[in-house]
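Taking the hints into account, I'd like the entire structure generated from these sequences.
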Amino acid sequence: MGLSVENLTVYYQTLRGDVQALENASFTVADGEIMGLAGESGCGKTTLGHSLIRLVPPMRFVGGRVTLNEEELPIWDSERMNEFRFKKISIVPQYAMNALNPTRKIGKMTQELLASRGVAWQEALPELKRRLDLVKLPHDVLDMYPFELSGGMKQRMVMVISTLLNPSLLIADEITSALDVSSQKACSEMLVEFRNQRCCHSAIVITHDISILYQIADSVLIMYAGQLAEKASTEVVIHNPRHPYTRLLISSLPTVGVRYAETRLSGIPGSPPVLLNPPDGCRFRARCPVAFDKCLQVPPLVEIEEGHFVACWKEGAADAEA
Amino acid sequence: MLKLDDVSKVYKVGTFGGKELHAVRDVCFDVQDGEVVSLIGESGSGKSTIGKMILRLVSITSGSIVFDGLDIAGLRGPALKDYYRRVQGVFQDPFSSYNPIFKADRTFRIIRDEFFPDVALPVWNDKVDGSLRAVGLNPPDVLNKFPHQLSGGQLQRFLIARALLLDVRFLVADEIISMLDASTRIDVLNLLAGLKARGLSILFITHDLSLGYYISERAVMLYRGCVVEMGPTEKVFFNPLHPYTQTLMACVPSLHEKWKKTGAEPGEIPSEVTTGCAYYNRCPVTQKDGCCTSARPPLIEREAGHYVACCYAQGG
Numbered sequence: 001m002g003l004s005v006e007n008l009t010v011y012y013q014t015l016r017g018d019v020q021a022l023e024n025a026s027f028t029v030a031d032g033e034i035m036g037l038a039g040e041s042g043c044g045k046t047t048l049g050h051s052l053i054r055l056v057p058p059m060r061f062v063g064g065r066v067t068l069n070e071e072e073l074p075i076w077d078s079e080r081m082n083e084f085r086f087k088k089i090s091i092v093p094q095y096a097m098n099a100l101n102p103t104r105k106i107g108k109m110t111q112e113l114l115a116s117r118g119v120a121w122q123e124a125l126p127e128l129k130r131r132l133d134l135v136k137l138p139h140d141v142l143d144m145y146p147f148e149l150s151g152g153m154k155q156r157m158v159m160v161i162s163t164l165l166n167p168s169l170l171i172a173d174e175i176t177s178a179l180d181v182s183s184q185k186a187c188s189e190m191l192v193e194f195r196n197q198r199c200c201h202s203a204i205v206i207t208h209d210i211s212i213l214y215q216i217a218d219s220v221l222i223m224y225a226g227q228l229a230e231k232a233s234t235e236v237v238i239h240n241p242r243h244p245y246t247r248l249l250i251s252s253l254p255t256v257g258v259r260y261a262e263t264r265l266s267g268i269p270g271s272p273p274v275l276l277n278p279p280d281g282c283r284f285r286a287r288c289p290v291a292f293d294k295c296l297q298v299p300p301l302v303e304i305e306e307g308h309f310v311a312c313w314k315e316g317a318a319d320a321e322a
Numbered sequence: 001m002l003k004l005d006d007v008s009k010v011y012k013v014g015t016f017g018g019k020e021l022h023a024v025r026d027v028c029f030d031v032q033d034g035e036v037v038s039l040i041g042e043s044g045s046g047k048s049t050i051g052k053m054i055l056r057l058v059s060i061t062s063g064s065i066v067f068d069g070l071d072i073a074g075l076r077g078p079a080l081k082d083y084y085r086r087v088q089g090v091f092q093d094p095f096s097s098y099n100p101i102f103k104a105d106r107t108f109r110i111i112r113d114e115f116f117p118d119v120a121l122p123v124w125n126d127k128v129d130g131s132l133r134a135v136g137l138n139p140p141d142v143l144n145k146f147p148h149q150l151s152g153g154q155l156q157r158f159l160i161a162r163a164l165l166l167d168v169r170f171l172v173a174d175e176i177i178s179m180l181d182a183s184t185r186i187d188v189l190n191l192l193a194g195l196k197a198r199g200l201s202i203l204f205i206t207h208d209l210s211l212g213y214y215i216s217e218r219a220v221m222l223y224r225g226c227v228v229e230m231g232p233t234e235k236v237f238f239n240p241l242h243p244y245t246q247t248l249m250a251c252v253p254s255l256h257e258k259w260k261k262t263g264a265e266p267g268e269i270p271s272e273v274t275t276g277c278a279y280y281n282r283c284p285v286t287q288k289d290g291c292c293t294s295a296r297p298p299l300i301e302r303e304a305g306h307y308v309a310c311c312y313a314q315g316g
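Protein chains in written order, with our numbering: chain A, 1 to 322; chain B, 1 to 316.
Hints are not guaranteed to be accurate.
Cβ pair distances, simulated, as ranges [stated by the list, open to error]:
1. 70(A) <-> 93(B): 56 to 62 Å
2. 67(A) <-> 109(B): 55 to 61 Å
3. 258(A) <-> 129(B): 52 to 58 Å
4. 54(A) <-> 70(B): 53 to 59 Å
5. 123(A) <-> 234(B): 21 to 27 Å
To be clear, the hints were calculated from the coordinates, so they are not data collected in a lab. Think of the CB as a built atom: it goes at the ideal place given N, C-alpha and C, for glycine as much as any other residue.
What follows is the structure, given as structure tokens:
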């Protein structure tokens, strides 16, 4: 059960060639698991999330296989994916402000959305009201226009709508990035609550803020320049990372209690490669402090402990080949 | 060196400007030489407006901002230009700070044309090189490039280098690292700290509490345009006295500690203007009474240098 992705490769078509935004991604998300997906901007995390639900040009499906609850998702065929969208797999987009139709009352919009999936409004209404209570929104919001709501309220409203049909998989794309710290906490806790109440079975939370993932995610997948770097349980990724990129990334995060005068943090020198013509082998090679000749080949994602996958020649990949 | 005295800003809003929006109310604080003060608040708390008022990008409705004994509101012509030699700002989005059809180093040329027309070109080029090196860039790598050829971190450092070309003593850094990636933002932050060591004062405007903690000596917490708490950073962060600061600190995601299950109410900013404490409607303190509603609580010094604006400040 749950989601399983094998060797998913997605490129962006541009006039100057393909941007290799996602290369050979393989991972699983168990039923009931909240998986965090983190990385710098341009690392392919949003591409990965969106390719699972709406793969349209300029995105181009190159290869791979995605199964959800042992049923293959035809992600390369946008028409056939319609069967799955909203019912089986749903998304909370990055900017909830733009997700709601500004010319419709929220209730009306939800009604139209449900009708498009053949769900009767009257049947769904009691559950909708229960969910609104769950996220502490008054029932009046259904008679309001989106502009009457604050950013945090809109974000929660979109979460309620996205999960109304109990999707097996929810993709939450940067849902907390535009919010203030207090709304951020409320919104993240609601996502966990939704999972606990089985409003969505499993979730992929895409964010650049690893400290949020530490609070809510069961496992974390770190990406770098279109390649998967490391996947493990949250505790392991934060406190015992093995991939050099994850280590440097985690150690560069400021947190309350760390001061410049006492502990000087350092960033990662260099910048991510351009994915239009990415370097061969491990794409972190140029910035990696422990890179060696072998890194000219792409390291496979190897399970070094139970549930802990790392793609690095220095960490387990070499043994796997031997 | 910079002192804000009862500064307020009222924006006219509505179709014909008939309504008033109090963005900043009676804010007082100061920034000393070589000090980093972080100005922390949620969106809509007026933190950017304060930065813009210091930079004279918006006018001050009432109160005064004094820089080195000079009220900046009255500055005109050459005096204003002289002020900009010493006070500069860097803003959130490095990508929109440049004109994309010109090369990025045009910003340096504009500075020369405006402020240093008498400096000979070779001397000027040396100065540009020096200031780029000061922000950790290698001049041959970054000069003569278009903005899209440089990364966000590089562009942001470019802007800081631009400010350094002038004889800046005060920098308004408005959310300068929120658009940057985790791996590069810390370098920009370290750069600011390095500049501080050279005597530059910085007003660090942010909504990210951990960044504010990392770099600043003093913190000023804003809520709906009012200063609710200010003081030395450790005291504000580890001994918050205002209920708002306490709620905020409990919400900061950390890598060492999981959130306590407080069931924090999602923070909504109520729109109506009250005469009393700005935080009244959301305040979790139970013993609210007339003291909270009759007038805005004044900032009271609870410990050395630690000011709180609350009738019922807890702890201490």
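Do the hints match the structure? See the list:
1. Distance hint for residue 70(A) and residue 93(B): a CB-CB separation of about 45 Å, inconsistent with the stated range 56 to 62 Å.
2. Evaluation of the 55 to 61 Å hint for residue 67(A) and residue 109(B) yields a pass: the beta carbon distance comes to about 58 Å.
3. Against the hinted window of 52 to 58 Å, the Cβ-Cβ separation of residue 258(A) and residue 129(B) comes to about 33 Å, which falls outside the hint.
4. Between residue 54(A) and residue 70(B) the beta carbons are some 57 Å apart, a value that agrees with the proposed interval 53 to 59 Å.
5. Restraint check, residue 123(A) to residue 234(B): a C-beta distance of roughly 56 Å breaks the suggested window 21 to 27 Å.
When each numbered hint is compared with the structure, violations occur for hints 1, 3 and 5.
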